[in-house]
Structure formats: C-alpha cells, structure tokens
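Peer 1: Listed below are the residues making up each chain.
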Amino acid sequence: MIRIHEVHKNFGNHIVLNGISFEVTDNEIVVILGPSGTGKTVLLKIIAGLIKPDSGSIFFDGKALDQMVPDEIYELRKQIGFVFQGSALFDSLTVYENIGIAIEEHTNWKRGKKQERIKQILEIIGMPNKHRLRPKDLSGGMMKLVGIGRALALDPPYLFYDEPTVGLDPIMKSRITELIITFRDRYQKSGIVVTHDLESAQLIGSKLYMLKSGKIQKISTIAKEKYE
Amino acid sequence: MTLLSAVGQFGLFLARSIFIPWKLRQTGKRVIDQIFEIGIGSLPMVLFMAIFVGLTTAIQTSYQMIGTVPKYFLGIAISRMILIEFGPVFTAFVVAGRSASAMAAEIGTMRVTEQIDALEMMAINPYRYLNLPRILGTLIALPVLVVFTELIAIISSILTSIYLLKVPFTDLNYGLIHHFRFNDLAGGLVKALFFALLIATSGCFFGFYASGGAKGVGKAVTRAVVTSLILIFAFDFINALLFFR
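In order, the protein sequences belong to chains A and B.
Counting with the working numbering, you get residues 1317 to 1544 for the letters of the first sequence.
Counting with the working numbering, you get residues 26 to 270 for the letters of the second sequence.
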C-alpha cells in the first residue's frame, strides 16, 4: 500500500502542491486528473522519490520514503515500474535491450530465461517482431508501448504512468488503456496514473482525484463492473 | 556559485562516481566500449597532431640551439619536451575537445529527456552506469594514447632532424638514448592519468547537471570543454612545480 501524507512542494513562490494526501491500496489504480501544468508529474515523481517534497511523507507498506537509505530506495524501485510521458527510452539501445536493461542489471538469469522473459513482454505489449528496432524507428505510440514493456521487466507490483495516452491516436490510446486495465485485473498491479484524459481515466481508475491549484479532490469511485 | 563550492561539488561527484560497488559483470562491457570510443576514436586526430608536434618541435628546438650548444642536445631537448610536456598535454587537449564534449552531450541529452530518471526508476545507479565506465575508459585510453603520441612525435622529430635539419643520426641518437630518463616517461604518464580523471569528470559532471533542453545541453558541452582545458593547464603547472623542479 502507498500512503501519501500532507505533501507540499513549491518552486520559488509558486505553490505546486499544497497538502496532498491519498492512498493507493493493493490491486487499485488511482488516477490523478488535472489540466497541464498543475503539478501532476511533480507529484508522481515525488511519490517515486525522484523529487524531494518540501514537507510531507510518502509511505510504502508503512515505511517512510524519506527515512530510507539509498540502498533501500533502490530496492523499493525494483518494486515500481515507471512509464514516462516522453517514454525516456535509451536511444542507443534496441527495443530488446531497452526492455532487458533492468533484467540484465538486477538478475543472474541465464540467457535463455532472459530471452524468454523479454519475448513474453514483447508479446504482452503486442510488439513481438519489433525487438531489433531502435527508438528512432518507432512511432510515438510504439515508444509508449516499449516504455510500458520496460516498466514491466522485473514484474513490479506497482506501476506508475505519467500521461500514458497523451498525444496518441484513438486506436493507440484505446490499446494502451486496455493494457493498463489488463495489468490491473489480470496481473493485479496497483498503480498511479496521472493524466488529463478523462475518458481513459474513467476506464482505468479505481479512484479518481482532481489536482487543481495545489489541492487534490476525490471525484468518484469507479466500480470495475462499469468497464466490464 | 563560489569557487570553493564548485570544487566541492566536482569532488563529491567524482567520489560518487568511483566509490560505489563497480559490479564488474555489468560495468566491464561499458568500460571496454568507452576505451574503444575514446582510444580508437581519437586515434586519427592524435596521429595527425603527433606528426606535426614532432615536426615543429624539431625545427623550433634546432632554431634555438644550433650554433650555441652541441648537436646532441637536440636529441635531449626533443625527447624531454615530448615525454614530459607535449605528449601528455597535447593528447589531453585532443581528448578533452573530442571526448569531454561527447560525454557532456550524451549524458546531458539523457538528463533532459528523462533517461537518467528512467535509470533511477529501474534501480540502476546512474553514477555507476554512466560515469564510472567513462572515467575508467578515459583512465585506460589516455595514457595509451599519450605513449602513441610520444612515439609518433619522436619518430617525426628524428626524421625531420635528419632529413630537413641535416643533424647526424649519431649525435641525435646520443642525446635521445644516453640522456633518456625513465622518470620523464613515467612523470608524463602519471600526468596523463590525472588529465584523464579531470577530462572524464568534467564531461560527465556538466552533462549530468544539464537542464533547459537543447540550449542547456549546448551550454553543458561548452562548460565541459572549457573546464577540462583550464584544469589541464592548472594541473600541469602544479605537476611541474612538484615533480620537475
């Protein structure tokens, strides 16, 4: 479970987050909605420990992020898959290598097992024959899919998505939305999605919050049945 | 930023990049890539530079010496100048211009496109993944390049002295061989190791803290090269004071 407690963040005189609190329970996806520039990405990066809050705490299964030593933070991050808004793929690596980088770094798996896992991920994201391509050869939607695949590599229980459907055509948008729902329902992944796409948010989210003027407000609880 | 805090940040950055578990299985391949990138990649430029350093050193040294001191002094002067100063310093200039800029551009682009954040989120220490291989790669490649430069520059000087300046080979050889001091070669190589550390750390440091998109990356590249050159000049002076007085 992730608990966000009274998080504040200012950039100079500009108040970005003003006492944000909410929880993400197991097998639940929390969606943070809000217009561009309201601090959704900042909030997600604070929860992931990439940006330090001015005050407030983030708890993962009861343990405060700001009390963790660097090694503990690295261990925690193996439990989180992060999908970046711009995909943040490594330009010099192929799709296969991008997906396999965390496996290469953190496991002692034999070559066959690594290949099997990467192949499995490529099939999940629907790109089984694109493993040799480099990011420059991919469309925006495909890059997003590879970003999702990379986040899945170590099979983390939490997935964080930063604007997963922004700038995509309707077909790709619905493909990614369906993938996120599959991860939630079939693979029991919890997570946080920040987006300004209300349509996807309603399908994905177990809980919806609106972030506006630094404050967060719960919109509604969406029952899984609604999508089904 | 005061000079003291800048030096502190630079030192801290270097310490964070080196004093970490190296994980040789993962890091080794990237170190080898860097050795090839820096070493083989710089070879044509270094070769060109070494030939002309040798030519110019022979002509200018002879201009200053011939007629005032015995001819074998030309051999002594050429070897000492190349081994102690020109070899390490000019090679470091080439590597600073070529590799420090490439490191700053590559790491800076990764910073502004969130690739470094992505490494962090995959629990991969970016200091180990990005900086350590570049620092180790430069530490290995630069001294090898310096030896190559010295060899080519000395051969080029010998040929210039014999065929252009008409200095007898026996005189030249006497100066080169009989007055060769191993400390000159070792001192130059130790200097090269420090230059390598300064060049790689500058390139990685300014790339790592780049911000502000393409313009920010451009600034990082400029700062990396300028800082490398200033540090090479400064360390060269300190080294001369400590070891060659």
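Everything labelled a hint here was simulated from the structure, so no lab data went into it.
Glycine included, every Cβ here is placed at the ideal spot set by N, Cα and C.
Do not rely on the hints blindly, as some may be mistaken.
Simulated pairs of lysine-lysine, DSSO-like, Cα-Cα distance not exceeding 30 Å [as the list claims (entries may be wrong)]:
no.: 1; chain 1: A; residue 1: Lys1452; chain 2: B; residue 2: Lys96
no.: 2; chain 1: A; residue 1: Lys1426; chain 2: A; residue 2: Lys1394
no.: 3; chain 1: A; residue 1: Lys1446; chain 2: A; residue 2: Lys1430
no.: 4; chain 1: B; residue 1: Lys54; chain 2: A; residue 2: Lys1379
no.: 5; chain 1: B; residue 1: Lys54; chain 2: A; residue 2: Lys1426
no.: 6; chain 1: B; residue 1: Lys244; chain 2: A; residue 2: Lys1394
Here chain B is said to cover these stretches of chain A; the calculated rule only asks that three of the stretch's residues, wherever they fall, bring their Cβ under 8 Å from a Cβ of chain B [said to hold, decoys possible]:
no.: 7; stretch: 1444–1454
no.: 8; stretch: 1501–1513
Each pair of labels, with its calculated beta carbon distance range [claimed, not checked]:
no.: 9; chain 1: B; residue 1: Lys48; chain 2: A; residue 2: Glu1388; range: 16 to 22 Å
no.: 10; chain 1: A; residue 1: Ile1389; chain 2: B; residue 2: Phe262; range: 54 to 60 Å
no.: 11; chain 1: A; residue 1: Phe1327; chain 2: B; residue 2: Ala265; range: 46 to 52 Å
no.: 12; chain 1: B; residue 1: Met70; chain 2: A; residue 2: Gln1504; range: 55 to 61 Å
Peer 1: With reference to the structure, classify each hint as holding or not holding.
Peer 2: Going down the list of hints, with the structure as the test:
no. : hint                             : result
1   : A:Lys1452 / B:Lys96              : 61 Å, violated
2   : A:Lys1426 / A:Lys1394            : 19 Å, holds
3   : A:Lys1446 / A:Lys1430            : 17 Å, holds
4   : B:Lys54 / A:Lys1379              : 36 Å, violated
5   : B:Lys54 / A:Lys1426              : 17 Å, holds
6   : B:Lys244 / A:Lys1394             : 34 Å, violated
7   : 1444–1454                        : violated (count 0)
8   : 1501–1513                        : violated (count 0)
9   : B:Lys48 / A:Glu1388: 16 to 22 Å  : 18 Å, holds
10  : A:Ile1389 / B:Phe262: 54 to 60 Å : 42 Å, violated
11  : A:Phe1327 / B:Ala265: 46 to 52 Å : 47 Å, holds
12  : B:Met70 / A:Gln1504: 55 to 61 Å  : 56 Å, holds
Hint compliance for this structure: hints 1, 4, 6, 7, 8 and 10 are broken, all remaining hints hold.
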